[in-house]
Every structure is written in C-alpha cells, then in structure tokens.
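Visitor: Residue numbers (our numbering), protein chains in the order written: chain A, 1 to 706; chain B, 1001 to 1706.
Think of the hints as simulated: they come from the structure by calculation, not from any bench. Source: prediction; values computed, not measured. Hints are not guaranteed to be accurate.
Some chain A residues judged to face chain B by a derived CB distance under 8 Å, without partners named [as the list claims (entries may be wrong)]:
1) 132
2) 266
3) 375
4) 390
5) 395
6) 421
7) 507
8) 511
9) 520
10) 531
11) 667
12) 700
13) 704
14) 705
Derived pair list, reagent style BS3-like, types lysine-lysine, alpha-carbon separation capped at 30 Å [what the hints assert, rightly or not]:
15) A:657 / B:1657
16) B:1546 / A:546
17) B:1546 / A:663
18) A:546 / B:1663
19) A:378 / B:1546
20) A:213 / B:1519
21) B:1663 / A:642
22) A:663 / B:1657
23) B:1378 / B:1657
24) A:519 / B:1657
For every residue, glycine included, the Cβ atom is placed at its ideal position computed from N, Cα and C.
There are 2 protein chains.
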Amino acid sequence: MNEYVIYSVPAFGVFGLLVMAFKSAWVGRQDAGDENMRELAGHIANGAMAFLKAEWKILSIFAVITAALLAYSGTIHEVAGRAIHSHWIISVAFLIGAVFSATAGYIGMKVATRANVRTTQAARSSLKQALKVSFTGGAVMGLGVAGLAILGLGGLFIAFLAMFADLGVNQVRTAIEVLTGFSLGAESIALFSRVGGGIYTKAADVGADLVGKVEAGIPEDDVRNPATIADNVGDNVGDVAGMGADLFGSYVATILATMVLGQEITARDTLGGLSPILLPMVIGGLGIVFSVIGMLFVRIKDEKASVQSALNVGNWAAMILTVIASYFAVMWILPDGQLTLRSAGFDKMGVFLSIVVGTIVGAIMSFSTEYYTAMGKKPVNSIVQQSSTGHATNIIGGLSVGMKSTVIPILTLAAGIVTSYYLAGLYGVAIAASGMMATTAMQLAIDAFGPIADNAGGIAEMSQLPPDVRERTDKLDAVGNTTAATGKGFAIASAALTALALFAAFVGIAGIDRIDIYKAPVLGGLFIGGMIPFIFSALCIQAVGKAAMDMVQEVRRQFREIPGIMEYKAKPEYEKCVAISTKASIREMLMPGAIALITPVAVGFTFGPEVLGGLLAGVTVSGVLMGIFQSNAGGAWDNAKKSFEQGVVINGETYFKGSEPHKASVTGDTVGDPFKDTSGPSMNILIKLMSIVSLIIAPYIYGIGQ
Amino acid sequence: MNEYVIYSVPAFGVFGLLVMAFKSAWVGRQDAGDENMRELAGHIANGAMAFLKAEWKILSIFAVITAALLAYSGTIHEVAGRAIHSHWIISVAFLIGAVFSATAGYIGMKVATRANVRTTQAARSSLKQALKVSFTGGAVMGLGVAGLAILGLGGLFIAFLAMFADLGVNQVRTAIEVLTGFSLGAESIALFSRVGGGIYTKAADVGADLVGKVEAGIPEDDVRNPATIADNVGDNVGDVAGMGADLFGSYVATILATMVLGQEITARDTLGGLSPILLPMVIGGLGIVFSVIGMLFVRIKDEKASVQSALNVGNWAAMILTVIASYFAVMWILPDGQLTLRSAGFDKMGVFLSIVVGTIVGAIMSFSTEYYTAMGKKPVNSIVQQSSTGHATNIIGGLSVGMKSTVIPILTLAAGIVTSYYLAGLYGVAIAASGMMATTAMQLAIDAFGPIADNAGGIAEMSQLPPDVRERTDKLDAVGNTTAATGKGFAIASAALTALALFAAFVGIAGIDRIDIYKAPVLGGLFIGGMIPFIFSALCIQAVGKAAMDMVQEVRRQFREIPGIMEYKAKPEYEKCVAISTKASIREMLMPGAIALITPVAVGFTFGPEVLGGLLAGVTVSGVLMGIFQSNAGGAWDNAKKSFEQGVVINGETYFKGSEPHKASVTGDTVGDPFKDTSGPSMNILIKLMSIVSLIIAPYIYGIGQ
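Just chain A, with the same shape it has in the complex (with noise of 0.2 Å):
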C-alpha cells in the first residue's frame, strides 16, 4: 500500500453522500398525491422545521460559548510540565462538527417529510412501490450520516496533517487530539437532538391520545385531533432527526477513539505509524459502499412478499461483505508482525478477528432485543396474560421484561470486551465498535424508514383515503416498530463499546496507568457516575409528563372553544399544539444536557483524571442497564398493546381492542411512550458525550488528585 490511501477516506465519504443526492432526488420525484394530502404533509414539514429552528437558535448560542472555550483552551500549551498538542483550531473542527450533525438530522428529517406523502401515494398503489419509496427515504438518511462522517473525519484529519507538518513528530498526535474537537460537537447536537426530540415527540403523541382517543373517543391520527400534526411532525423530529444526530455521533466518537488508540501502537510501518489510525475510517468507507450494495437487495415482488425478510437479507449482505472486505483491509493496510499497544501485543489478524467480534455483538444485542420486545413472544405475551388482572400487573409485567432483558446484552456485551481486547488489546475493543458501526448507512436506512411508513399512514388516515391504502402503511409500519426496537440495541451496543474506546483513550491521554476504584474517592466517583443515568432520565420522563399536561390543556381548550371541529366544519390550530411541544422540548432538554457536558468537566478538575475514570465508570455501567431496560420494557409494552388489535386468547377468552385488558395495556404503552422514546435512547449519548468532554479535558487535568 502506499501513502494515498488517506485519500481513500473522504472519498468514500462523496460517494456516500453522491448516491444519497441521486436517491434523494428519485424520492423527489415521486407523486406527492392530491391537494388535501399534500397540504397535510406541507403542515408536518412547517413543524419539523419550525422546531429545527427553535432549537438551532438556542444551540448556536451554546455552541458559539463552547467554541470559545475551546479556543481558549488550544491556547494553553503546558499543563504539569507536560506538553499539551492542542490548538485553537479544534473550535473549528468542534463548528464544523455540530454543522454537520445538524445537516446529518436536516437531511434525514427533510427527505422523511417529503418521502411520508409519497408512500402514502405509493400505497394507493402497492406494497411494493410504497417499500421502495420508504426505504429509499430511509437510506437518503443513513447515506446521509454515514457519508457526512467519513467526509469529516477524512477530510478534516486530512488538513490538519497538513496544518501541523512543522510540528514533526507530533504533527500525528496534535491533529487527532485537534480532531476530538469534530466529536464533540457531532456528540453535543446529538444530545440536544435526542432529547430535545425525544421529548417533543412523545409529548405530542401522549397528548393527542390521552385527549383524542381516550376522552374524545376518535381515532389515532384523527385530522380533528389539534395535536395531530405534531404527533407526525415528533416522529420525524424525534425518531428520525433525533436518531440520525445520534447515530451520527456514535459514529464519528467510535471511529475517533479507534484513531486515539491506533496512534499509540508500535509496528514497523511502512506509512509512519498511520495505518492503525486510517484502518477504521477505511473500513467506515467500505462500510457505505457495502450498504449501497446491501440496499439493493430491499425489494420484495407483490403484496404477499415479507418486508421483514426483504430488510434482513439487505442487512446480512451489508454486514457480511463488509466483514469479508475488512479483512483484506486489514491485511493490506496493517504492516506485518507484532503490533504493541500499552504492553498488550497482538497482530493484524488479531485485529481482524476483533471485528468479527464487534460484528457478533452487536447481531446478538439486536436478536436479544427483538425478542423482548416482539409480538407473539413469551415476553411480551406475558404482558398481555398480565393484563387481564388490571393496569397494575400490565405495568408490573413490563417492568420485570424489561429489567430481565439486561442479561444477554450485558453478558454478551462483557463477553465481547474481554474477547476483542484479548485478540488486539484496547485496540481490539475499539476495532470491535468500528466494525460494527461500519454499516451505519444500512442500520438507519433501516430504522429510518419505520417513522416514515408510521406518517404515511397518519397521511394516509388524516386524508380519509380507503382502508386498503392503510392496511398496506400499516403493513410496512408494523415491521418499522421491530427495525426500530433492533435500531436501539444496535445503537445501545455501539455506545457501550464506543465508550469503552474513549475511556481508553481517556485513560491514555490523561496519564494514568490505571482507575482502582479500590480507592474511596474513585469508587466516590463510581456512585456518582451511576446515579446520573437515574437523574437524567427522571428529568427526561417528567418533562414529557409536564408538556403532555400542557398538550392535554391546549387541546382540551381547542374543542372547547372552536364550535364545529368535532363535525369537521371547522379546523383545529393545529400550530398552536406544535408550538407546545417545540417551546416544551427545547426548555426541557437543557437541564439534562447540562448534567451531561458540565459534570465531567466539574469532577475532572476538582478531583483529577482518575476520580474522573470512576465516574466515567459508573455512567457506562448503569447507563447503558437503564438504556436497554428502559427501551426494551417501552418497546414491550407497546407490542401487548397492538397484539389486542388482532385479538388475544386469555384463560380461554379472547379479547380485543376496547376490552379491559386492551385498556390496561394502553396504560403500559403510555407509560412506556418516554421510557422507549426519550429517556432511553438517551442514555447512549448520555455516556458518549460524558466520554468525549473527558477526553477533551484529559490533558488539562493531568496529575491533579495523584
């Protein structure tokens, strides 16, 4: 191999992003269907970008204010008598970083408004067609991520080499502690995203049914209902914008962290100490054009065909030949013999075989939660039988799902730490993350495709279109609720073991050799660190439960006061309820995104590097238990409710929707609307962007506490 390989990456990265302009222009060009439809989706779309502009505005405050700080701190060049490789310029890469989040969630948010009415359209036609224009919506979106990361992170690594090629041999480590600065603003704006959208979403769609459905007696997405819209206008804010920004984050925060650690490793290298550091954005790289491929095989042939069936073959193809071209990556890109890694040894194929792992983690934590959370399996039928002695056994029985459904993950999770870093040391577990997110693009298009088909059919039901137009988003809908339950134990699985990369990496930079919680202050610092993830979602769960309220008064209000909406002669304000649920998400979202950016700074210098380990510590363990607890008791919870709506056989009864047990069940399904949907999935950039502020602030806080 020979040193132009570096170009490789942001190439990879155009490619990405060109065949999501060619995808996205195909969706563009699809029907939007009739004048009533369209002015629908025109509403969600006004929504959705109404509250991508509430909350840029406030996050560009922030975001300017944390540029500065940064600025500051690349002016300091000396901590301890130990040199620091910082520079101003990491508050650009920092800029350029949340731009590109943002633009990652624009993208995927602007192409989901746009691709809802045309599947509903399409829908007036086939199942077939209105895959094809869903999914196609989708992989703008992983496309979109996937492509604007490795651009990013090539790109930038790219200049800043070159920026500091006076430095000499420090040139290397100066860019990519430069680079930390991208991270942390793609981890920030995910955070606010997830949040914020998480929040706005299920506040929206609590609100509209506890007033619609339960007091007014009309159907869901009911174009009477005044919170309706920004019920559809949350599943794209939240599910779609919310996740794109995080899996986004994931991405760039796992692949950094890999580059962190391969700087460190020792070999005899054709490419000056490099190619460990480029081997994870190459193999990112071949990840998206994997995905492309994978996206082909999506398709399904008449009505009768699977979707589920269509999306795994795509997703197995998208993994497998990944994996397959990572290994001659990895045997071209590495150099031969024995690779060193803080006393750990280990060689290419070591390396190679450490992404299989990740690859299997991450299959396995997918499979784990399907299974907690699918209709027709034990778990949730358990709910459903206990939803027969009332609304507190419904409740009683999802707790305990969820918390069951820790075991797996968790084992398979320390399984595949211990596996990958006996194979290629923390280089191993890094690896192991990489590989797995390499096919991000697919894992989105995936997930992104769900929401899309759920608006569709809100579209679909909005414009009184015929039953069989519904039948078929409902169709896709249904298989979108599982991708999305898979799609958190992907995302859950890749935070943990991208944390774990970035504690490593923080580890290193800091300039301990060790966190021994034996120690009282750091086993202080574990405590605390576990309690965050409890605080953190209490504050996300109660502010849906405060703009619900807000939402329920509001729409209580409307019917009240505007004679004739209930005979549809009069439309609803249906922007007053938008702009509840947008003022709401974005004043609630800043005290947990607070928690998460200040804390680590505050320990870190009040009680140094290792303190801080512990408290890093603590978030990952607890954060990702409440994270896959949380989704997975909301994801059951959920499904016992829809499997009332083909029936449900207790004692020997059946029941069906409007029974007391369905009403039960629609109890768990609420409760479980901000455990799956807000605090949960929040749990991951919780941890990542605890990780990455540490590691930002590693050098600045070397040898305080020792």
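Put chain B on the given structure of chain A with help from the hints.
Guide: Leaving out everything else, chain B in the frame of chain A:
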C-alpha cells in the same frame, strides 16, 4: 484499659437479651382482648409459624450443604504457596450464624404476633397505651437482634481466640477468618427471609386487594376476605421477620468487616493489636445500652400528642448518647499516636470523627427517604397531581420520583466514603458503618412497631370493633409508614457502607492491591455485577406477580364455591390462602438466592479476585441505586394513594377515595408494593451477601487470573 475489656462484649449482648426478655414478658402480660380477637390473632400467629417452619425446612437443607462445603474448605491449608488461616470450625460458626439469624426473626415475629392483638385491645382504652404495647413489641425485636449479634460475635471471638491460642501470631487472624462464617450464616438466612417474606407479604396483599377491594368491593382487612389472614401474616413474616434478619445480617457484617480491617492496623498497642478489632464490638454494645435508654423517651401524654415526635426524641437520644459514649470508648481503647492501615496513617481522633460521619450519613439518608415518600411533601404531591390524568401518568410520576430520589443519598454516601477515608483510611469507612449501625436496636424498635400497629388495625377491622379503636391504630399505622420508609433508608445506607467495608476486607485477603477497571476483564465484571440487581429485581417482582395470580384464583374460587361468605354465614378457608403464599414464596426465593450465592463463587474461581472485585463494585453501585429507586418509588406511590383518604385538591376540585384519580393512585400503589417490600429491600442483602461470599472465598482464589 486492660485485656478484660473483651469480656464486656458478650456482657453487653446478654444485657440486651435480658432487657428483651423483660419487655417480652411485659407484652405477654397485657390483655389479649375477647374470644373473637384472640381467635383471629391465633390464625395470624399460626400462619406466620407455618411459614417459618416451611422456610426453615428448606433452609436447613441449604445450611447443611453449605456447612459441609465450609468444613471441607477448612481442610485446605495452602493455596498458591500461601497459608490459609482457616479451620473446619468455620462451618460451626456458619451454622450458629444461621440459627441466630433465624432466632432473631423468630423472636421478632413471635412478639409481633402477640403484641398486635394486645395493641388492638390497648387501643380500646387509649392511644398512649396502644403506643406503649406496640412499641414495646418493636423494642423486643430490636434488642433481640442487637443482643444476639453482639453476644454471638463477642462470644465466638473469645472462644476462637482461645481455641487457636497455640497458633501464636496467626491466632487473631484465624479467629477472624473463621468468624466470617458466622456472618455468612446470618446473611444467607437473611436473604431467604427477606426475599421469601417479601414475596409472601406482597402476594397476599396484592391478591387480597385485587379480588377483595376491587372485585368484591369489601374494605381492606374484611373478615370475609379469604386472603386477609395471609395478608396480615405477611406483615409479620416480611416486614418483621424479614427486616429483623436483614438488619441482624447488616449489623454482624459491618462489625465483622471492621474487625477484619482492624487486625491489619499496625500500632503500638497494649493489647497486642486487639484494640482496633474490639472497638466496633464495644461501640455496638454501647449502642444497645443507649438504645435501651432512648426507648424510655418514647412515650406520649394523651390522645393529641405526636407519636412521631415521641419516636424522634427517643431515636435522637439514643444516637447522640451513643456518639458521645463512642468518643470515650475510642479514646480509651485505641492506642495513642499514629495508626497505619495499608499505607494510610491516621490517629484515634480521626476514628472518632469517622463514627460521627457515619451517623450523619445515616441521618441524611433517612431524611431524604422521608422527604421523597412522606405525605404532603412535593414529590408525593406531584404524583397525586399526575393521578388526575390517569393510571399512566401516575406511574410515570412515581417512577420519576423514585429515580430522582437517588441523588441526595448517593451524593451523601460518596461524600461519606471519601470523608471517612481521609479521616481514618479504610478503617474509617468501616467504623463509620459501625457507628451508624450501633443504634440498630432502637432503629428496629421504631421500624417493627409499624407492622404491629398495622396488624392491630387489621384485627380491629376484622373484629368489627368501634371506629375509635381503628382511628387510634390508624394514627400509629400512619407514623409506622413513615418509619418504615426511613428504616429502609437506614438499611440501604448501612448495607452500602457495610458492602464497602467488606469490599476493602476482601481486597486485603485476596492478595490484590487494586481493582483496576481499566483492565478489560475487570470492566466486564463491573458490567455483569451491575446487571445482577436488575435480574434479581425482575425475578422478585415476577414472583410476586405469579403468586398474586394464584392467590386471586383461590379467593375467587372461595367466593364462588363457599356460599354465605358475603353474608358472614360461612367462614372462608384462610389456611388455604396462607398455604398458597407460603408455597409460592418458598419456591420463588430459591432462584434469586442461588444467583446471589453462586455468582461470586463462579466468577471468583474462573477469573480471579480482581474481576470478582469489579463484579462486587458493580453489584454494590447498581444495587444501592436500584434499592433506593424501588423503595422510594413504592413508598411515594403508597402515600400518594393514602393522600386521597383525606381528600386532595387537583386543579381546584377536591377528590376522595373512589374517584378516578384515586383509582389511578391505587394502580401506582399496587405496582409499588413489590418494589418497596420485595425487590427494593432485597438489594441490601444481595450486595452484602455477595460481598461476604467473596470474602469467604478470597483466600482460595488468591493468584487466579494474575
């Protein structure tokens, strides 16, 4: 001081037991009411005995097997070239610990089932007398637990010292290592009592409520409800016997851990190094004396006096006097000059201040629990408000209160660990826990008085006594709910500090000098440890759900098949319900128990002490969090429901029992039942038991995984 101080320890224990016998006899002499009341009380007492007997039968098998394994381990004298200071007599210590723990539970339950009906009878005349009877019942339990613990520890230590006198320098070390068997016996019986009792009481409670209150529309504790006796039995086996065994275990484990660390202290000592070992036992003894004195303050003048204040005065008197006495004990017993423990140097003033820190930590944690669960305070009121929009928002409110309630206790605990560590090293952490536990007799008296009053109210209701009797018992019961909550805060705080002390002791004996979570396998251990409280809680909650379903079926069957129950013409078959709860709880306690016992052994022998250390840290952090979360959420839901009894104002309207918001609050209460009385409090024992098992196997896993 001279060497005879050691004999003061069992003397303190005997003193406690003598006072207990005196008080127990006093309770027995009180009037047990009319024929009807005595019959009902007889049912409860018999049901409770039936449970204990069934439980003991299973536990004796477990105890014999474990004792055999321990006896075998006593024949191993060397591992990895290192001498093991063990002896087969450890199996005897284990059996004594098990028997003492069972006895502590038995004493408490016996007196509680006698005090309950006598409290009812006393409540016919005055509140003053009713408090006196119920509190004396609690005091018997408290003194029994503390007395047995101090007598057992002191007596066995003296016996073992004498036995190993010929070993010379290893005499003390061997005596203490053998003494851990006593703690293991105590803690493993505690686990099964707490879990089994917890399942019992909530299965009966939930089952009785679901059919009785909800379906048949008869009040709580109605004599026509077949599950009502089982429900009242449950208060005794869960809240009294389970709690007693729990705190007995904590008390013994705390003192033992302090002794283990104490023997490592090097100092100029007139007692040949014994003084830091004796100190925790002496402080425990002093705690008994001042608890007895504090109990004298618990009295009220008339009907209008505050029961809560009377208890507070007694509690504070006991605590403050014990701290003052500790000062003199520390100054008298510990040598002057520098004490050194594993490179940490400190003096005896630091040791005393650690005791003060421990007392303060316990007090803050109790206050925090009270704040988050007390009626009329902000957290409970928020749940009340959220009940107005239905079952789901009530549940969301409770979950978020529970999660938020972890913040203050965890910050307090972390601060307590760090402060006591700086004051007196690891010995400081351990002695802080000992200081907190010293007034266990008083704490338990306050705690056990609640279920006695609760039972008294039940008997009043079932015997259809005049309403003023029930009013008086309700007054006591309301206070009992608060003391139950604060008691749980105390139990969790003590368990956390105890676990840390055991953790430190484990590290010393296992021959490792750090637990470095930066190592991949140790981090894997931390993850798996963190997961255990989740699966353990899930199993407990699920067990309650299953057993409650059995109970519901049986109650429905009796209402259907026994004619005349509703018209008071036929008596329900109480004993069948008792049998169901008994059988279910015994069956369901085995799996969680096995997890707690087997995991540390499996991990320790496979991966070695450092990974096991990571596991323990994970269990402790996650267990404390889950314990606080679940206990407080349950307590808050309970009191949110109770708030409706006096009527609550939501959005300008007043709601009472039977209203829709009240129904939503009943759902929360039912979900909270297993949280606060089964899974939540089991966390304490889980973390302590796993630590003790690790301590026991520590010498045998020396060198594994290094």
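Visitor: Tell me, in ascending order, the numbers of any earlier hints that this structure violates.
Guide: Violated hints: 1, 2, 3, 8, 12, 13, 14, 16, 20, 24; rest satisfied.
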